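Novice: If you want the building blocks of each chain, they are given just below.
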Amino acid sequence: MLSFIIRRILYSVPLLFVISILIFFIIQLPPGDYATWYVSQTKALANITQEQAIELTKSLRKKYGLNDPIVFQYLNWIKNIVFHFDFGFSMHYNKPVSEMLADRLPRTLVIALICHFFATTIGVSIGIYAAKNQNKLGDNIATIFAFLGMTIPRFFLALLIMYWLAIVLNSDNTGSMYSPYYAVQPMSFAKLWNGILHIWPIFAIAVLGGLAYNMRVMRGNLLDVMRMQYIETARAKGLSENQTLYRHAVPNALHPLVMFQGIALPYMLMGELEAAIVLSIPTAGPLLVESIQRQDTYTTAAILFCLTVILVIGNIIADILLAVLDPRVRQN
Amino acid sequence: MKKNKFRSTLLASVASVTFALSSSSVSARPEGATALPAAPAIENMQDVQFIGRDELMSYQDIGDFELLYEPDYISALVQEGKLPPIWERLPKQPLVFNGDAMPDGIGRYGGTFRHTIGGRPEGWNWTASQHQGWGGINYTVQECLTRNGPMVRLKSEDSYPLPNLATDWEWDGNSLTMNLIDGAKWSDGTPFDSEDIRFWWEDNVLDENVPTRMNSSTMGEGTTLEIISPTQIKWTFPQNEPKLVLHSMAYINGCPGPSHLLKEHHPKYDGTSYDDYVAAFPAGRLPWVSMGAWTAVEYKQDEVVILRRNPYYWKVDSKGQQLPYMNEMIFQLKTWGQRTVDTLAGNADFSNMENVPLYLEAVKESKSDDAQATLAFSGRTMGYHLYMNQAIGVGVLDDQMAAIRDLNRTLEFRKAIQHAIDGKAFAKAMSKGPFVSVFAGGIARDSAFFDPDATSFFPYNPASANALLDGLGLMDTDGNGVRNLPSGGDLVINLVQSKDSENEKLIGDGLATMMAEVGIKVNLKPMEDTEPTRQSGEFDWIMARAQQEYAFPNSGYWSELGPITTSSFEPHLGTDEHPQQLQPFEKEIVSILERWRDGVEGDEAKQLMSQYQKLFTENVYQPGIVQYPTALLINKRIQNLADGMPVLAYQWAEDTVIREQFWVYQDDQLDELFPGRVPGIN
Amino acid sequence: MENSNKIPNSYFSLVRKRFFANRVGILGLFFVFFLIFTAVFADFLSPYNPAGRDSDRVFYPPQGINFFDEDYNFSLRPFAYGFIEGFNPDTFEPTMETDYSQKNYIYFFTRGWEYKFLGINLDIHLFSTKEGSKIFLLGSDAYGRDMLSRVFKGSRVTLLFALIVVSITTVIGILVGISSGYFAGKFDIATQRITELALAFPELPLYLSLVAILPRQMDPFLVFIFMAFILSSLKWAQLSREVRGKTLSLRRLDYIKAAEALGSNDMRIILKHLLPNVTSHVIVSVSLLIPSVILTESFFSFLGLGIQSPFVSWGLQLNSAQDLRTIGSYPWVLSPVFAILISVLGFNAFGDALRDAIDPYAITAKK
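Chains as they are written, first to last, in my numbering: chain A, 1 to 332; chain B, 1 to 682; chain C, 1 to 367.
It is worth saying that the hints were derived from the structure and are not from the lab.
All of these numbers come straight from a predicted model, not from anything done at the bench.
Note that the Cβ used here is the ideal one computed from N, Cα and C, for glycine as well.
Among these hints, one or two may not hold up.
Derived DSSO-like pairs: lysine-lysine, alpha-carbon spacing no greater than 27 Å straight-line [what the hints assert, rightly or not]: (1) C/17 / A/136; (2) B/155 / B/587; (3) A/58 / B/263.
Here are some chain C residues pointing at chain B (derived, C-beta under 10 Å) [as the list claims (entries may be wrong)]: (4) 59; (5) 144; (6) 189; (7) 191; (8) 220; (9) 266; (10) 309; (11) 325; (12) 356; (13) 357.
Sequences are here, hints too, so could you generate the full structure?
Specialist: In structure tokens form, the structure reads like this:
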């Protein structure tokens with residue numbers, strides 16, 4: 001078992017390495033670099049002459065090492081990340097990228113995990129209910145609900161919620177993570193509650209989609225399992241319907257769901273990003289969109305890289321869970 | 001050569017005025033042009049109550065006041081010995097705002113004021129052109145030599161910049177001697193004096209390594225500054241009495257920073273490098289020091305900036321109360337769109353409404369019984385031009401762009417484009433109310449300098465547009481619905497616009513359709529930040545918002561009215577490699593602007609602008625798209641907002657309304673977030 | 001019931017039987033057909049030119065169709081009333097009153113605006129109105145353009161985009177999947193790693209970054225094509241993994257081994273034996289891929305990053321409707337979302353039912 005885990009983790013290292021190269025390469029592709037962006041900003045604001053502009057570009061390039069061959073720039077970057085947790089400098093926010101990541105990533109991750117938890121538990125429960133009451137009213141409602149959850153564009157939901165909050169309710173809790181008072185206070189239960197009041201739409205939207213998937217998969221699996229021989233046997237043995245269900249059917253139906261977790265986490269994460277971008281709530285999503293548009297290369301690269309790492313870790317955990325449940329996988 | 005031009009221009013303007021006076025309705029308009037159609041009246045437009053300079057403000061000895069006042073919590077700190085008493089904190093002659101000129105009278109202390117802004121603070125080193133997020137926060141912390149925002153309230157004979165840190169000045173030929181306020185202190189108690197001005201001028205503006213808002217030639221090549229004493233400075237300009245430089249000494253150019261703190265990082269003193277100098281004052285470095293009414297005490301990235309009253313503020317009201325009245329100011333960091341929504345909902349107190357599609361909604365809401373904000377429209381002074389790039393070579397990346405430049409420089413082409421613009425359709429799309437009107441380009445229709453007789457308007461007429469385009473030889477040779485250039489390719493034009501502006505998104509959509517109707521294919525290029533493109537000249541067409549320059553040409557932005565320098569007019573830039581190639585009417589415009597720079601007043605100024613307008617509109621220099629008013633939204637509880645304050649005049653409304661005069665009745669005051677907090681003390 | 005004389009059913013007829021027993025699947029199939037039909041015949045179905053401005057009919061609400069007028073006179077030809085626009089100067093509210101004097105009659109199979117179909121100039125439409133009268137079934141937008149016609153036009157863009165992405169994804173996915181599963185060995189390991197790479201990338205962030213790379217001067221149609229490529233760059237991986245899995249299990253079957261023993265060359269085995277058996281799964285995967293492509297494209301156009309004017313895309317229409325005034329005052333401008341819903345629903349239902357029909361005992365996790 002242990003060797004399986006180690007093997008799995010070791011597999012991921014070269015993967016992450018290759019990905020980091022790709023990310024860095026992609027970031028360099030847009031024409032111009034930070035130096036040109038900065039200089040055009042300064043030219044616009046400070047009325048410097050063309051010669052001054054060229055001088056400024058040169059000095060900036062030297063300072064940020066933008067003149068070095070790409071390979072050196074990359075090695076520098078990856079070395080800093082791995083050994084110093086230094087993700088570089090955000091030119092736009094005028095502070096180290098690691099500070100901004102420390103600010104935004106944890107909350108993004110926490111939100112994603114919470115959404116994942118609720119989507120799974122609620123979805124599975126509804127799925128079991130729907131399977132038990134197959135083709136009756138409860139099942140049909142649940143199915144319709146599931147379809148809606150999977151098909152309504154999440155950005156549209158975010159738009160509707162924003163309208164409702166801003167125009168209908170005149171709510172103050174829009175467009176930010178905390179109210180001004182709590183923003184500058186250290187964490188406390190009151191601050192937590194204030195935060196929830198602000199970001200509940202993200203939960204609602206992300207959970208809705210994920211919940212629908214889980215429900216359908218659970219329902220489908222359970223129905224299939226219920227037709228199996230061993231269920232017949234269990235019933236024949238005299239177990240009650242509920243006992244049959246929960247002791248034999250559900251655990252077997254859950255099995256494929258675990259396999260599904262590897263896909264569920266990214267889906268949850270993307271849903272959260274989508275909702276946060278539309279609602280302008282400062283998590284990783286809006287930061288990514290902004291930094292791309294401002295060509296704040298190190299920030300963009302750092303966020304891309306961290307999100308990838310999170311997903312890879314999520315996949316590893318999912319695989320490990322699967323291996324725990326299914327010994328055949330371990331042997332592979 | 002120049003002198004002859006000047007004379008002939010003057011003659012021409014005199015002639016046109018005489019002509020205009022003698023034949024009011026019939027001007028010699030070119031074929032196809034009409035007068036600019038009248039626009040419906042807008043209800044809710046307030047009139048400005050004009051006052052004289054001395055009625056608004058003055059400087060008085062603190063000894064002249066019977067009593068000096070400050071808020072209770074400040075007095076408490078004075079008792080504890082943590083702050084010096086008020087007569088030591090104020091300068092010898094504080095700036096006094098006259099209570100009689102205040103719309104709601106002398107105010108009471110207390111309360112908090114909430115802004116919502118979409119910008120994010122770069123840092124506190126505004127001397128090195130860092131901004132603090134815009135939307136009013138820059139204005140709050142930056143106090144400058146002169147002040148031109150509140151000029152809108154002044155009678156026309158008094159209409160020139162107000163004193164601020166410079167209390168009074170005297171012209172003598174080329175030189176300007178200015179007296180600075182005596183005994184004023186920065187918000188940490190350090191004295192303010194001419195050393196701060198000298199540091200700003202010599203070690204920032206003149207130092208090429210520091211990115212500053214103005215450079216050594218902004219007020220004239222060879223301008224010099226001499227420090228005579230801690231409270232007196234003397235400027236020497238290359239021209240004789242260039243009055244407009246007083247605007248250059250107001251926000252955003254003439255605002256000194258605290259030299260005693262900035263010097264620590266300036267390479268000429270204790271600093272290590274220029275990059276370090278710019279980067280050493282991030283927004284998180286608190287509390288910062290300023291001469292403003294409020295100073296920053298708290299900051300959370302992407303969330304909020306909180307400012308508290310400055311105990312050393314050097315302005316009082318005529319009763320002797322130290323300003324500001326409100327103790328606290330908050331800037332919620334969200335988006336610009338959120339600003340209006342928040343103010344309508346009562347979650348913020350102030351918004352400049354420029355997003356036309358929201359106007360009707362806002363008016364509706366402000367009329368309802370539980371409305372939180374009041375709404376006041378200003379005249380139609382904002383609008384959009386379609387800037388057609390007429391520079392040869394600058395920013396041209398391929399043959400297609402070069403061909404478009406040639407077309408842009410052709411009068412018939414520009415006329416055709418103006419004929420293809422359906423202004424009424426834009427107006428209706430932007431808002432169903434009476435707000436938006438058609439625009440001929442050039443001076444704004446509600447500007448004091450607008451001359452309807454000098455304006456030629458080429459109305460919506462697709463038939464004329466098609467005829468003109470046909471006449472230029474731009475036929476659809478391959479039958480795909482798009483006209484072809486002489487070289488054979490399709491006539492495809494890229495239109496740069498701002499990505500997040502609701503106005504521009506709407507206009508862009510309509511423009512693309514309208515141009516397609518006359519056989520021109522327009523590709524929309526929305527950009528997050530259009531500034532680099534504008535500065536580099538790498539565009540065919542750009543959607544350009546017409547702001548102060550066209551409504552208040554006597555403000556600091558006048559140079560953006562034409563290609564008077566190689567970088568002042570975006571649709572006609574010049575570089576060493578590709579110098580400007582001005583057409584005859586452009587040269588006439590430049591000479592008008594040169595005359596303008598030297599300073600004209602009264603009727604002569606109006607005549608000059610009429611001449612400008614005639615040249616601009618007859619030649620369709622830049623087609624006009626729409627013209628619209630702006631509206632000021634402010635929370636109902638705020639007192640002392642003067643009538644008719646425009647959203648954008650010499651400055652944005654946040655400066656024009658003089659926020660240090662705002663006050664709120666005790667019962668209506670909102671709870672402060674940090675009551676009793678004083679920057680740097682507790 | 002007598003079964004004994006029945007000829008054993010072929011694979012396809014079995015699948016068909018099972019599919020049509022699923023009511024939701026039939027609904028999905030109907031929606032898919034409707035979408036394709038709409039996209040192909042968009043111009044025929046649209047009563048008005050999608051780019052046709054009408055300054056007199058800005059932001060008209062959807063008009064109801066009547067057969068009876070206010071005096072209860074019956075008219076065989078359906079019609080809709082026009083509107084009188086007003087403006088209340090006190091409340092500053094624009095007013096829309098039904099104009100009972102103006103009847104806009106609907107004519108079927110009538111001549112209207114001109115369009116090109118397969119190179120031929122046509123002007124016949126399913127329904128339209130006579131010159132001067134207009135009927136807006138979904139209302140009109142800021143420039144008086146017919147929402148319905150624009151939604152139809154948008155379906156072309158959406159379907160075309162989905163088609164391109166699906167084509168690229170299918171080709172690459174099958175190529176990589178089959179060769180990886182069939183040839184195995186080092187080649188398989190290498191491609192496996194690449195597949196994992198593609199699967200590990202977070203989709204949305206990567207797309208956002210790549211879209212930013214597209215040069216500013218690019219022709220909008222090229223931008224469109226590039227976006228399709230960008231979306232395909234990750235989507236092929238999931239498909240290739242599934243195809244590989246299926247190929248691996250097929251390889252072990254006896255008749256394949258027999259073919260190999262007989263000396264059939266690889267190409268023949270792949271084309272004649274593997275590919276047909278994999279096809280059904282590919283169709284299912286692709287049907288379930290399309291909804292996510294549609295949603296992603298809509299999101300990007302909604303953000304203003306994807307398709308631009310003069311193209312019409314549902315996401316782009318929602319982008320124009322993004323300001324809060326529209327949602328409150330002119331909510332019909334949001335109607336393209338229903339088009340998205342129907343498309344996504346249709347493909348999802350269709351794909352689900354198809355999968356159930358092909359392999360009813362499969363317990364698989366699905367994307």
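Novice: Work down the list of hints and note, for each, if the structure agrees.
Specialist: The hints, checked one at a time:
At roughly 24 Å between alpha-carbon atoms, residue 17 of chain C and residue 136 of chain A fall within 27 Å of each other, so this suggested pair holds. The suggested pairing of residue 155 of chain B with residue 587 of chain B is violated, with an alpha-carbon distance near 34 Å, which exceeds 27 Å. At roughly 25 Å between alpha-carbon atoms, residue 58 of chain A and residue 263 of chain B fall within 27 Å of each other, so this suggested pair holds. At a threshold of 10 Å, the smallest CB-CB gap from residue 59 of chain C to chain B is about 7 Å, leaving the interface hint in force.
Annotation: residue 144 of chain C was flagged as interfacial toward chain B, and the flag holds, the nearest CB pair being 8 Å apart, inside 10 Å. For residue 189 of chain C, the suggested interface contact is broken, since its CB lies about 43 Å from the closest CB of chain B, more than 10 Å. Violation of the interface hint for residue 191 of chain C is found here, the shortest Cβ-Cβ separation to chain B being roughly 38 Å, above the 10 Å cut-off. Using the Cβ-Cβ criterion of 10 Å, the hint placing residue 220 of chain C at the interface with chain B is satisfied: the shortest such distance is roughly 6 Å.
For the restraint placing residue 266 of chain C at the interface with chain B, the shortest Cβ-Cβ distance is roughly 47 Å, beyond the 10 Å limit, so the hint is violated. Interface restraint check: residue 309 of chain C against chain B, minimum CB-CB distance 5 Å, threshold 10 Å, status holds. Here the hint on residue 325 of chain C is kept, as its CB sits about 5 Å from the closest CB of chain B, short of 10 Å. With 10 Å as the threshold, the beta carbon of residue 356 of chain C stays out of range of chain B, its nearest partner Cβ sitting at about 44 Å, so the hint is violated.
For residue 357 of chain C, the shortest C-beta to C-beta distance to chain B is roughly 44 Å, which exceeds 10 Å, and the interface hint is violated.
Checked against the numbered hints above, the structure violates hints 2, 6, 7, 9, 12, 13; every other hint is satisfied.
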